[in-house]
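Number of protein chains: 2
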Amino acid sequence: MTKQNSIVKILNENKCGSVIFFRPDELVMSIGYYPTLGASFCLYPSIGNPILFIPKLEPLTFIPKHCTIKRYSWGTLGINPWDELSHLMKLELEKLNLIDEPITYIKDIGGSSPSASHGEGIPITLNILENLSNISTSKYKNISDKLITLYDIKSECDIKKIEVVHEVTSVAINTFYKNLKDGITEGELAGIVELEIKKQMDLNEKKHVTGWCYIHSGENTIYSGQYAKSSGKLIKERDVVLMELAICVNGYWSDTTRTGVVGESSIEIEKIFKIINHSQYLAIENMKPGIEMKTIDKIVREYIKSEGYEEYFQHALGHQVGFRYHDPGQGLNPDSSGILKPGMILTVEPGIYNPKFGFGIRIEDNILITKNGYKNLSGK
Amino acid sequence: MTKQNSIVKILNENKCGSVIFFRPDELVMSIGYYPTLGASFCLYPSIGNPILFIPKLEPLTFIPKHCTIKRYSWGTLGINPWDELSHLMKLELEKLNLIDEPITYIKDIGGSSPSASHGEGIPITLNILENLSNISTSKYKNISDKLITLYDIKSECDIKKIEVVHEVTSVAINTFYKNLKDGITEGELAGIVELEIKKQMDLNEKKHVTGWCYIHSGENTIYSGQYAKSSGKLIKERDVVLMELAICVNGYWSDTTRTGVVGESSIEIEKIFKIINHSQYLAIENMKPGIEMKTIDKIVREYIKSEGYEEYFQHALGHQVGFRYHDPGQGLNPDSSGILKPGMILTVEPGIYNPKFGFGIRIEDNILITKNGYKNLSGK
Numbered sequence: 004m005t006k007q008n009s010i011v012k013i014l015n016e017n018k019c020g021s022v023i024f025f026r027p028d029e030l031v032m033s034i035g036y037y038p039t040l041g042a043s044f045c046l047y048p049s050i051g052n053p054i055l056f057i058p059k060l061e062p063l064t065f066i067p068k069h070c071t072i073k074r075y076s077w078g079t080l081g082i083n084p085w086d087e088l089s090h091l092m093k094l095e096l097e098k099l100n101l102i103d104e105p106i107t108y109i110k111d112i113g114g115s116s117p118s119a120s121h122g123e124g125i126p127i128t129l130n131i132l133e134n135l136s137n138i139s140t141s142k143y144k145n146i147s148d149k150l151i152t153l154y155d156i157k158s159e160c161d162i163k164k165i166e167v168v169h170e171v172t173s174v175a176i177n178t179f180y181k182n183l184k185d186g187i188t189e190g191e192l193a194g195i196v197e198l199e200i201k202k203q204m205d206l207n208e209k210k211h212v213t214g215w216c217y218i219h220s221g222e223n224t225i226y227s228g229q230y231a232k233s234s235g236k237l238i239k240e241r242d243v244v245l246m247e248l249a250i251c252v253n254g255y256w257s258d259t260t261r262t263g264v265v266g267e268s269s270i271e272i273e274k275i276f277k278i279i280n281h282s283q284y285l286a287i288e289n290m291k292p293g294i295e296m297k298t299i300d301k302i303v304r305e306y307i308k309s310e311g312y313e314e315y316f317q318h319a320l321g322h323q324v325g326f327r328y329h330d331p332g333q334g335l336n337p338d339s340s341g342i343l344k345p346g347m348i349l350t351v352e353p354g355i356y357n358p359k360f361g362f363g364i365r366i367e368d369n370i371l372i373t374k375n376g377y378k379n380l381s382g383k
Numbered sequence: 004m005t006k007q008n009s010i011v012k013i014l015n016e017n018k019c020g021s022v023i024f025f026r027p028d029e030l031v032m033s034i035g036y037y038p039t040l041g042a043s044f045c046l047y048p049s050i051g052n053p054i055l056f057i058p059k060l061e062p063l064t065f066i067p068k069h070c071t072i073k074r075y076s077w078g079t080l081g082i083n084p085w086d087e088l089s090h091l092m093k094l095e096l097e098k099l100n101l102i103d104e105p106i107t108y109i110k111d112i113g114g115s116s117p118s119a120s121h122g123e124g125i126p127i128t129l130n131i132l133e134n135l136s137n138i139s140t141s142k143y144k145n146i147s148d149k150l151i152t153l154y155d156i157k158s159e160c161d162i163k164k165i166e167v168v169h170e171v172t173s174v175a176i177n178t179f180y181k182n183l184k185d186g187i188t189e190g191e192l193a194g195i196v197e198l199e200i201k202k203q204m205d206l207n208e209k210k211h212v213t214g215w216c217y218i219h220s221g222e223n224t225i226y227s228g229q230y231a232k233s234s235g236k237l238i239k240e241r242d243v244v245l246m247e248l249a250i251c252v253n254g255y256w257s258d259t260t261r262t263g264v265v266g267e268s269s270i271e272i273e274k275i276f277k278i279i280n281h282s283q284y285l286a287i288e289n290m291k292p293g294i295e296m297k298t299i300d301k302i303v304r305e306y307i308k309s310e311g312y313e314e315y316f317q318h319a320l321g322h323q324v325g326f327r328y329h330d331p332g333q334g335l336n337p338d339s340s341g342i343l344k345p346g347m348i349l350t351v352e353p354g355i356y357n358p359k360f361g362f363g364i365r366i367e368d369n370i371l372i373t374k375n376g377y378k379n380l381s382g383k
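Going down the list, the sequences are from chains A and B. By our numbering, the letter at position 133 of the first sequence is numbered 136, and the numbering carries on one by one without gaps. By our numbering, the letter at position 160 of the second sequence is numbered 163, and the numbering carries on one by one without gaps.
Be aware that one or more of the hints could be misleading.
Intra- or inter-copy, both count: the list cannot distinguish identical chains.
In silico DSSO-like cross-links for lysine-lysine, where the CA-CA straight-line distance does not exceed 27 Å [said to hold, decoys possible]: (1) K378 to K6; (2) K308 to K291; (3) K59 to K210; (4) K359 to K291; (5) K239 to K18; (6) K164 to K291; (7) K12 to K274; (8) K93 to K297; (9) K184 to K144; (10) K277 to K73; (11) K308 to K18; (12) K149 to K18.
Rather than coming from a laboratory, the hints here were simulated on the basis of the structure. Just so you know, these numbers come straight off a predicted model, no measurement behind them.
Sequences and hints are given; from them, build the entire structure.
This is the structure:
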């Protein structure tokens with residue numbers, strides 16, 4: 004029986020009109036599609052071909068056969084992707100006359116290994132949590148939005164541990180610049196940086212040390228604002244090379260970016276470097292308790308606009324970081340309702356990605372808000 | 004305000020008796036604890052100290068202060084960990100007189116980055132899915148158990164792609180043996196293997212290539228059946244060295260293990276190697292359509308028992324693999340209700356971890372069930 008027949012049989016036997024597959028492994032399993040961004044949705048109907056909704060940011064490397072492809076906005080400032088996705092899905096279900104049939108998706112897929120490696124998520128399912136919260140006679144109460152605010156403020160003890168992450172980050176950044184040369188691939192350079200990170204394991208209480216390094220070079224840097232992936236492309240003389248770096252030490256995180264050039268820079272590259280460095284300086288210099296996060300974003304966005312590059316800076320200026328690679332909570336962006344407070348740590352990561360020039364540049368540091376101002380944990 | 008005060012304030016204001024933290028970043032954020040296994044639970048009450056439930060498998064590397072530690076069984080054959088955990092939590096809530104107060108946990112913590120790197124999960128939350136399934140006038144219908152059966156059978160097209168993963172796996176295994184020598188750390192050897200995996204990127208349509216290599220050496224191999232983590236320990240002459248390897252190419256996965264020795268083997272090491280190799284041979288030779296999975300497990304478990312080592316083989320013999328590092332579905336274990344079918348791929352991974360001898364040995368291959376028997380994808 005083909006995969007399509009198996010899926011349709013399950014839908015028919017269980018009186019469902021359609022199923023949504025969304026986890027990367029579900030997409031591979033059902034239609035052989037592997038997303039880079041992890042935000043593609045396959046609406047698989049009981050009649051007709053599956054419809055794959057891919058974010059516009061996603062590079063179309065693999066296109067599965069026998070699928071209708073629809074693109075939706077995501078990661079673009081000012082557009083709510085979920086409203087757009089819902090609307091597009093609704094149109095498809097109406098066309099197929101399935102709008103009144105139940106929709107399904109796999110709720111809890113779980114994990115079968117007790118050892119949560121970095122190749123898979125933690126194996127705790129919603130079912131397990133529901134059972135645990137049933138211990139109380141009053142059951143579960145949802146106050147997720149309140150609990151998530153706990154991520155905002157890092158204690159002094161947390162900050163000390165995050166400073167240790169930045170020691171490892173500094174080793175990784177030096178390794179990047181030292182090995183930045185023509186003749187090796189992006190993947191190889193990423194591997195060399197990650198190897199150096201692994202060598203830090205167990206030095207001075209660093210029990211768990213993991214790094215994820217992503218290298219973009221030359222024209223690939225145009226997409227550095229969109230997704231993190233090294234390729235097999237050879238790094239060449241005069242290439243702009245961007246490193247996106249996530250490091251986790253004992254559960255605490257840094258998120259930094261560096262951009263360099265192999266050999267000689269052009270005038271255009273130098274110009275954009277200057278604008279990015281000045282953007283970051285403007286943001287950081289204005290960071291202190293009481294300032295609205297959207298104000299910091301605005302200062303940078305207006306400066307970049309004054310230089311004529313606003314259309315090439317499409318992402319947020321920064322987000323909170325420390326307990327995760329991307330902490331939940333408000334960040335530096337035009338729609339933010341956040342206010343800077345002592346103990347917060349935010350990335351500041353202006354970037355200009357110019358398809359006309361054929362390169363992109365981003366610099367990213369992690370800034371701790373102190374009582375009176377800020378401290379750049381990334382050591383500048 | 005201390006973290007504890009902040010948590011208790013949220014609980015009191017929202018009339019909750021206790022909160023369960025379980026995601027690794029939540030544990031770090033709330034009590035500074037980073038689990039290796041990803042299956043620790045912190046029951047944080049509105050009165051008294053937090054109680055941390057740690058699986059017995061978990062090495063006690065970090066112990067957070069001001070926490071009561073409770074251990075529960077997990078990853079041990081024949082014990083249901085969740086029943087034990089529920090029971091232990093209930094006792095604590097009764098002691099604290101909080102059994103009638105609502106329990107809470109963070110339902111959807113989300114992700115703030117559109118680019119799902121391997122440092123964090125996909126950013127799609129339960130809320131997003133609930134909204135999407137509300138498109139239909141008949142809403143959501145839960146048939147997760149039926150849909151998960153789709154993972155069981157790999158199509159011919161899937162199998163071809165999984166064979167490509169095993170080409171990369173073979174490169175990684177050769178790199179492991181080539182670099183297996185004294186004087187480097189476990190982390191460094193893991194990094195060298197991962198670097199070689201990264202060099203395969205973009206060769207022959209391998210667009211996405213990622214590898215996770217974990218090295219245990221010497222006495223650390225005793226814990227190789229429990230968790231995956233390289234350390235900063237130096238590899239020494241005569242060490243048994245075990246490599247656990249997860250590789251993902253274009254969304255398809257392999258899961259293999261190799262064990263080697265630096266320099267000369269002892270008689271004891273040779274003896275256990277022979278038993279493990281013969282165990283694996285016995286399992287694989289008996290794999291064909293129609294055979295019960297538990298029968299394969301039994302053959303191996305009885306043979307290891309006849310050699311006197313049954314107490315040192317505590318985990319399942321194998322699990323399904325291919326769309327994930329650990330596919331959902333039935334596997335090779337004593338409680339399995341699965342039956343081998345053509346198109347299934349299972350790991351076969353007997354292991355003996357002997358604290359008395361001071362070392363552990365495991366070999367793991369991935370076996371495809373064919374029409375008439377099997378094919379070892381790991382190339383033996």
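Could you work out which of the previously given hints the structure breaks and list their numbers from low to high? 4, 5, 7, 8, 9, 10, 11
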